[in-house]
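Student: Chain A is fixed; fit chains B and C onto it per the hints.
Residue numbers (this note's numbering), protein chains in the order written: chain A, 380 to 686; chain B, 380 to 686; chain C, 380 to 686.
Hints were generated in silico from the structure; no laboratory data involved.
Heads up, a few of these hints could be off.
Remember, identical chains collapse to one label, so a pair may be satisfied in a single copy or spanning two.
What the hints assert, rightly or not - Straight-line alpha carbon distances no greater than 35 Å define the calculated DSBU-like cross-link-like pairs of lysine-lysine that follow: (1) 549 / 455; (2) 671 / 455; (3) 671 / 431; (4) 381 / 455; (5) 681 / 431; (6) 649 / 381; (7) 682 / 634; (8) 431 / 682; (9) 549 / 381; (10) 381 / 431; (11) 634 / 684; (12) 547 / 422; (13) 431 / 684; (14) 671 / 549; (15) 500 / 684; (16) 422 / 649; (17) 634 / 455; (18) 634 / 500; (19) 431 / 455; (20) 682 / 549; (21) 500 / 431.
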Amino acid sequence: MKLADIAQSLNGELIGDGTIEIANIASLENATTTDISLILERKFIGLAAQSKAIAFITTAPMDDLPNQVVVSNGRKVMAQCIELLHPTEPITQAIHSSAVIHPEAQIANPVMIGPNVVVGKGCSIGRDTVIHANTVLVENVVIGERCVLHTGVKLGADGFGYYEEEGKWKHVPHIGRVVIGNDVEIGANSCIDRGCLGDTVIEDGVIMDNLVHVAHNCRIGTNSAIAGLTAISGSVTIGSNVQVGGQAGFSNHLKVGDGSIVMAKSGVTKSFPPNSIVSGFPARPHAEQQRKEAALRQMIRKKTKAQ
Amino acid sequence: MKLADIAQSLNGELIGDGTIEIANIASLENATTTDISLILERKFIGLAAQSKAIAFITTAPMDDLPNQVVVSNGRKVMAQCIELLHPTEPITQAIHSSAVIHPEAQIANPVMIGPNVVVGKGCSIGRDTVIHANTVLVENVVIGERCVLHTGVKLGADGFGYYEEEGKWKHVPHIGRVVIGNDVEIGANSCIDRGCLGDTVIEDGVIMDNLVHVAHNCRIGTNSAIAGLTAISGSVTIGSNVQVGGQAGFSNHLKVGDGSIVMAKSGVTKSFPPNSIVSGFPARPHAEQQRKEAALRQMIRKKTKAQ
Amino acid sequence: MKLADIAQSLNGELIGDGTIEIANIASLENATTTDISLILERKFIGLAAQSKAIAFITTAPMDDLPNQVVVSNGRKVMAQCIELLHPTEPITQAIHSSAVIHPEAQIANPVMIGPNVVVGKGCSIGRDTVIHANTVLVENVVIGERCVLHTGVKLGADGFGYYEEEGKWKHVPHIGRVVIGNDVEIGANSCIDRGCLGDTVIEDGVIMDNLVHVAHNCRIGTNSAIAGLTAISGSVTIGSNVQVGGQAGFSNHLKVGDGSIVMAKSGVTKSFPPNSIVSGFPARPHAEQQRKEAALRQMIRKKTKAQ
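Looking at chain A on its own, in the form it has when it is part of the complex (with noise of 0.2 Å):
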């Protein structure tokens, strides 16, 4: 693919030879002198500068560079570019041989399911969603369509719910749902439980980390982000727009408003209105923490010298 018309799918301005050949898209590091590669910031430049890739795509021109493509929305660039060079195959009906399937679970077509899937009684999965290797739906799970579940997902497991009974636990028998809605992607080793009475719901675009832990009656609302290995649990509501960062906690019962954000490592104890930026343990506004913190900082470091 020539470089010029590297430029124009998208939607970049030329600067350079656009006669070049591109073979194929890389990293800075892994380039060679038949590739494209990208440098999204500027503090990239000295890598860009050792580089052995022929163009570069960047978001601004930069001077000591020999061909760019020069466009606005690096991260969106950079997919539609790989896309461009290595086009995904497209969805086709596919369901390896080795995956074990309720007879009378629902699966629209196409659809892909890989290798020792399990998908049990009850459930159902809609059109163009892929659910990869050893994923398993075990009862009453509901997936909507485009969705992605990556390998080792557990979808539908009875929640942690128990009574005690003379010092003994005694399980909550469960009957609920798990409900994924169109256009989810979870990561790999994820579990969400299924609702006990209710559901446990993920709304449409929901994007969601590895080893990521949904307990039994949760909710969480459209095109929420959440990081790899955090735990909500059961009854949790998490809004829409919704970025909650790696490892963090959630205490049952609670709500976190549309539009918050829960920094890294957080342990929710308590609910949050709309638009929150939360961040500690009890997670509290992370202004409220920032100042704490600089009033212990400063408290310490006079302290430290008096002595």
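Tutor: Below, chains B and C alone, put in the same frame as chain A:
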């Protein structure tokens, strides 16, 4: 089923019309006009008013609800009521054809073993135990009766034990077992490593949430409860009736006494006697932590005011 | 095997009766009257006194124990002694019939591949590597020689990379690889995502515990050790011989220099030079953290006294 029959089965007090036919049990939000629902805490009275349910299980008579069954132990009754309307199928011998079971493994009858389960050499499984899909018992795993291993559980892998030689890590071979008692429940994708020389022991009645890590040579006492994403390092001994919150961590070779509570996100770095309540990192008695927190808050407030 | 032979094999000093027949090696608690056990630290002398073992491996002569083999490197000798009495079977070509291997994957000989393992397109596996049951290599995963992937490991899933468009998350396609060196060991249910353009690289001799998350484009240097439930965000570079405690977290795009120690539950938010020892969240040099803690404790004590 008539409401009066339900009231009688649950040993509850009937208020209203006992002749109503109840089709199902459902959450307040999901209930239709033939369903019974539950309102176990008065704060949910608002939701109950909006619910379409025709009858309610309550823990005290509530003025505005027409048909009620008033009971004393809400969660127990919820479990009983689910069981009444959705009876659990009795466990019958059912080993899925895709399960891979070592020829010398000892499997009691009845047990239920799901698809893609792997049961390795030297394993045994007690009667009435249920093992969900894609769970693996690597080697030398002994499981008692009436246990539930949820989907993706991994038991009996070698632990994280090494010695250093010339700057390289050398693995210490593991020959111990994982020994799981009776009535134990282990959450999805949790991992319990086998002992190095001795055993990793999970005693009767322990319940464990999703994505929990138990390292080699640990012992967890009867009826203890471990919440999600907790990490327990090697040779830790947790007593009986201990409750551990989510994302807690334990350094190796320590003991936590019977009846203790380890709060969520605690980092336990030393042993604690029975009936301790600990929080924070490093974990300390919770009352002490709260005093410190209060003193700190006061100092910061004073400081901030002074400025 | 005679105790004298064991002493000779382990290059240890024999104390007591070398003619005793040793049947097995066992922990102090589990040993029977024909077993040898270990007491590697003097604090376990009480347990040793109660043990039924007939002989002990010690790191210094102990007065009250009859038959001893005194050695210098306890953990190494434990490994050797286990190997002596429970020789590991040599690795022979053994690919379980239920494994699903892409026809173009390159599999060396000998390797051991357990049940329900999935090896996708573009993968290769070096000789003497062992892959335990239900592990998945999604795509473009290159594994060196003498590695051990424990049960449930997930390598090569697409990373958590998105751009936002009209309030929705759009996935960036991933075309990079996961490249694992030689002598690497990865714990049960750990996940390592493939690079986006470049590679996610785990260098020779790295050891990783259970339920660890390594995001796209990370690099972990030779002989580093990562404990359980640690979360490493995208494009993090960890040097050689680094030790990371359990439940640590790393923000993206940072570097931790060779020989550093990142203590358990640390939250690393910026880069650190070689040989750093860091703790806390945000992680700072451990000595500095301890000084702050001490100053804080003193202020609180004074305050509490004053009241």
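Student: Determine for every hint whether it applies to the structure shown.
Tutor: Against the structure, the hints come out as follows:
no., hint, verdict
1, 549 / 455, "between (50 Å within a copy, 8 Å between copies)"
2, 671 / 455, "neither (38 Å within a copy, 44 Å between copies)"
3, 671 / 431, "neither (48 Å within a copy, 47 Å between copies)"
4, 381 / 455, "within (20 Å within a copy, 59 Å between copies)"
5, 681 / 431, "neither (53 Å within a copy, 59 Å between copies)"
6, 649 / 381, "neither (56 Å within a copy, 40 Å between copies)"
7, 682 / 634, "between (40 Å within a copy, 32 Å between copies)"
8, 431 / 682, "neither (54 Å within a copy, 56 Å between copies)"
9, 549 / 381, "between (67 Å within a copy, 26 Å between copies)"
10, 381 / 431, "within (18 Å within a copy, 64 Å between copies)"
11, 634 / 684, "between (44 Å within a copy, 32 Å between copies)"
12, 547 / 422, "between (59 Å within a copy, 28 Å between copies)"
13, 431 / 684, "neither (52 Å within a copy, 59 Å between copies)"
14, 671 / 549, "neither (43 Å within a copy, 37 Å between copies)"
15, 500 / 684, "neither (68 Å within a copy, 62 Å between copies)"
16, 422 / 649, "between (39 Å within a copy, 16 Å between copies)"
17, 634 / 455, "both (32 Å within a copy, 26 Å between copies)"
18, 634 / 500, "within (31 Å within a copy, 43 Å between copies)"
19, 431 / 455, "within (23 Å within a copy, 46 Å between copies)"
20, 682 / 549, "neither (53 Å within a copy, 47 Å between copies)"
21, 500 / 431, "between (54 Å within a copy, 27 Å between copies)"
Hint compliance for this structure: hints 2, 3, 5, 6, 8, 13, 14, 15 and 20 are not met, and every other hint is.
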